[in-house]
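**Student:** Between the sequences and the hints, there should be enough to build the whole structure, so can you do that?
Spelled out from the first residue to the last, the chains are:
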Amino acid sequence: MRRWCVFCSGTGTVGAAALFMPKSSSLPLIRRPWFAFLSSMRFAVALLSLLGIASVIGTVLKQNESTAGYLVEFGPFWHPIFDFLGLYDVYSSSWFVLIMLFLVLSTGLCLWRNIPPFLREVRSYRLQATARSLAHMQHTALVPASLPPAVAQRYLEVNGFAVKSQQRDDGSLLLAAKKGSASKLGYICAHVAIIVICLGGLIDSNMGIKLGMLTGRLVPDSQTILAKDFPPQSRLDSGTLSFRGDVNIAEGQGADVVFLNTGKGFLVQDLPFSVELRRFHVDYYDTGMPKNFASDITVIDKRSGARQEATIKVNHPLTVDGITIYQASFGDGGSSLRFKSWDLASPNPEGTMLETVSMNTFPLTLRQQAYRLEFDQLRPINVENAEAPAAESDWRQKVQDVRSVRHDRNMRNVGPTITYKIRDQAGQAHEYMNYMLPLEREGDWFYATGERSGIGDAFRWLMLPADRDGKLDSFMALRQVWQDETLRNQVVEMAVRDVEPEMQAAFGEAVRNVLRLFSQGGYVAINDFVREKIPAAEQDKMRDFFYQVLYGAASVALDQALAQRQLPAWPADDPARNRFLLNSLDAYTGLTRFSAPILMQLDGYKEVRSSGLQMTRSPGQSLVYLGSVLLILGTVFMFYVREKRLWLLFGPQEVRLAMSASRHPRDLEREFPQHQAKLTQLAKDLSHEQH
Amino acid sequence: MSSIKSNALPQHELLADRRLWARLQWGDWLFAALVLAISVYAQFGFSQHVFDVYEISILWGTALGTVLLGWFFKPLRWYVLLVAGLAYLGVHTYGGRFEAGGERFLLRYFLSSQSAIMWQCALVFMALFCYLAGTLVASRQQGRRNALLGMGSGLAWAAAVAGLTGLLVRWHESYLLRPDAGHIPVSNLYEVFILFLVITGLMHLYYERRFHMQRLGAFVYVFMALLVGFVLWYSLARGAHQIQPLIPALQSWWMKIHVPANFIGYGAFGMAAMFGVAELWKLHRPQAAWLPEAQAIEEVMYKAIAIGFLFFTIATVLGALWAADAWGRYWSWDPKETWAFIVWLNYAVWLHMRLVAGWRGKVLAWWAIIGLFITAFAFIGVNLFLSGLHSYGTL
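As given, the protein sequences belong to chains A and B, one line each in that order.
For the first sequence, the residue numbers in the working numbering are 1 to 691.
For the second sequence, the residue numbers in the working numbering are 1 to 395.
Honestly, the hints are just simulated from the structure, not real lab data.
None of these values were measured; they are calculated from a predicted model.
All clues stand as given, with none of them false.
Each pair of labels, with its calculated beta carbon distance range: (1) B/Ala-237 <-> A/Asn-360: 44 to 50 Å; (2) A/His-281 <-> B/Phe-385: 31 to 37 Å; (3) B/Ile-380 <-> A/Gln-308: 41 to 47 Å.
Rough simulated footprint, nothing fancy, chain A against chain B, three-plus residues with beta-carbon under 8 Å: (4) 88–102; (5) 325–336.
No residue lacks a Cβ here, since even glycine has one placed at the ideal position from N, Cα and C.
**Tutor:** Here it is as structure tokens:
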């Protein structure tokens, strides 16, 4: 049986055979071997497989990373090879685009060859069928001759067939019926869709920019920072067919360009309008996840000066002049920060105020040493999970947990943090992270500053205890006592006041030494001294003694420090006082190991946010959508509309029934006997009523 | 001859109008009326939620689709009504208090989302047991049907009822938990797995009834049981069943149509692979009378892949439309998108090979099984091994 409606059928073999045939100029175009090959299904399937393999490579190998990263990962041998093959940006590499183009070509030629016969086929009722040809079909039978043609036609119509009848010269009558011609239109739709989608994608790809870079018309710039400083060969005017760029705008500021990342630097794309960010909103869930972010923007047309106000958020972009503006990211746009800072080389407890701006760099000169303060992002909200981690093996608890979709986590916002670096003249930098508000640790409150020297390292935390008022004042006053020798000596005097007079001198000397050691290096200095200067047998005893001395003196020192700073006295019977003292000793030890020349405690801020906007012009988008609709329609028609033909030839003696179907022959095995039986039934029931 | 006049025709049953609406019975119209009533209730009964025009379109599109599906596959009529009734009962029993879930007997043991989903998991295992035992009995007796297979189908229906009820109640629970941040439960890997189980179960029940393929239930339910095993591990070990609020990128009505469409595709591909196993079995042991004819199995496998391909195409297109809104481009070659493309290519070539090149038999069956692995990688592997824009359901 001939397969009537198979798209591209058999062209693979035809093509292969035809390739070896001598070329003849009399051959019509669609019979030429190259045409048959290019439009064959084999070629198309090979292209699809290649696309599949290329796509897998593109997902396994991380795309568009930094060159240095690739060099480390693949080594100096493979890196240039991979780079040359375009494996770092597979989807816009020239060979990938070439495969796509061939796919379009192949599908296009296939359509060109098949559309005319298909349309003929859709229109045709196959009225030329003869008694002989019908009798030779796979599904063929005779039905009683008493069947009236009008009844048969009605039967076919209610069963969804379109029917055409033909009175023949020999007196016979042919009813030719067909059903599901849309199936063939489905093929056409689906294959046209592939072409339309690929064309749309090509229009929206960065081919124009790539060509511009190849011909030298466009040169990406990797040094310049400000848009206005970009040289003309790195700028694109607002007439670019399609582009995709990003720009960061701080609150209260505006931009009239976007930056296009080419992988080798940036290009500046001029916009026909400017965008001002009035305000950026961000909300969080109780888990600390962002709930919503939105930008209030004003778009000002450059030519007419017309202003348009809008709010854009994720999933709700704005389209102006064919350019769509998306909410892409957000960050710190340079917030005003106020720090209280202490020069760590000076005992002065009075901090100085420091006004700075985040995301900016400031010079700092301290005792003829020049430093640079590099401020990173201010993060106003930091959510911590204050819950103790559950035991791993507690299955009963886990089974219990599965019953409920709620899991109460004790999430807490612990307030703003600021990250900054202090870089010395040699270029060495340490990174610091400071919490503005005190953090609770085991019932006590601390001002925390983390320090690290490498990006990947963990922060080491300096935890300065807050006093009864939640401030650093008491600790700083105490620190002044440790550091100032005169004050320290006063503490020694007070500490030995109650000791028996003959012991006073010796004990005073011991206290003075312990305090001096502690002031220089905290517990570590005392421990070092004990290890180096005391015989091994005596070390534990001496260390305990020194600690006793230190604790005693520390209490005296606190009283004195508070009095000195005219702060209210802290009663000795308050248990919090003792914990504060111990925490202070730890904190002071930590401070002696702190590498920064100054201590900076964030005291206040005024947040200025920035919004990352992505802007695109993609005229191919509507083509892609059109193609997608065609593709879906085509798929539906192809799979769910079954093309069937049925003939009834009313001859002089007999009525011949025959059926054919393009696909789904098993359907016909069920369906044909049903039609046969029903038509026979109709012939029996209704023949006597006619005539 | 063009003078055949239909007005002069005699009356006959076989000449009566056979169009869809003419074939409908009172049960179909009652079903449509009830779905209409439920939709009206859904739109106006939740006054605290303001529907936008897209949500209303989706609601009524779903209602229309449900009616048509019920007309197309009649058992879905009582399935839909039963699930709606149970879900309503669950929501009603909650009475607006989340805590009621732990207090009320009905919620605690049956209708709270987690209880319903655990019932679904248990019922899938029971269905598997019945299908396996039924298949064993069928192979001994050389018979086609037996009571155990019938019980398997019944349990499979029950599992599907429990699963969809659980999802609907979970939807309500998300609003009880966070009144301003409730969402349809298709937002993470756990939720879509439950959806996957429901959809695959229903599709299998359709094929089973339509093509008399009860004896393939054992194959499909082995696969389902594996998925259930994963779901159980995922919630026990990772606490994945907890309802999390939606990140901004997922706060879109697109999610309501993109994700379910995708899972019709995945479910169909998964089932096709198991049919492939069954076909290979039959080809290997043609004397196994308890299995349907290899050609018949292959026909169903083709039908599953065709419907899967159609919905996968729709889902991918919907995904592109959504991506254009959320990420600013309809196609970013993000790993998830790329793997969706690979899955699509794979089945596109499969279909070409069957329909155009006329391939049949072993190769296509093996290919359908391999297709499942490609699909599984696109579904889970990408989340496990590759990171990208689409990293919502991490393990």
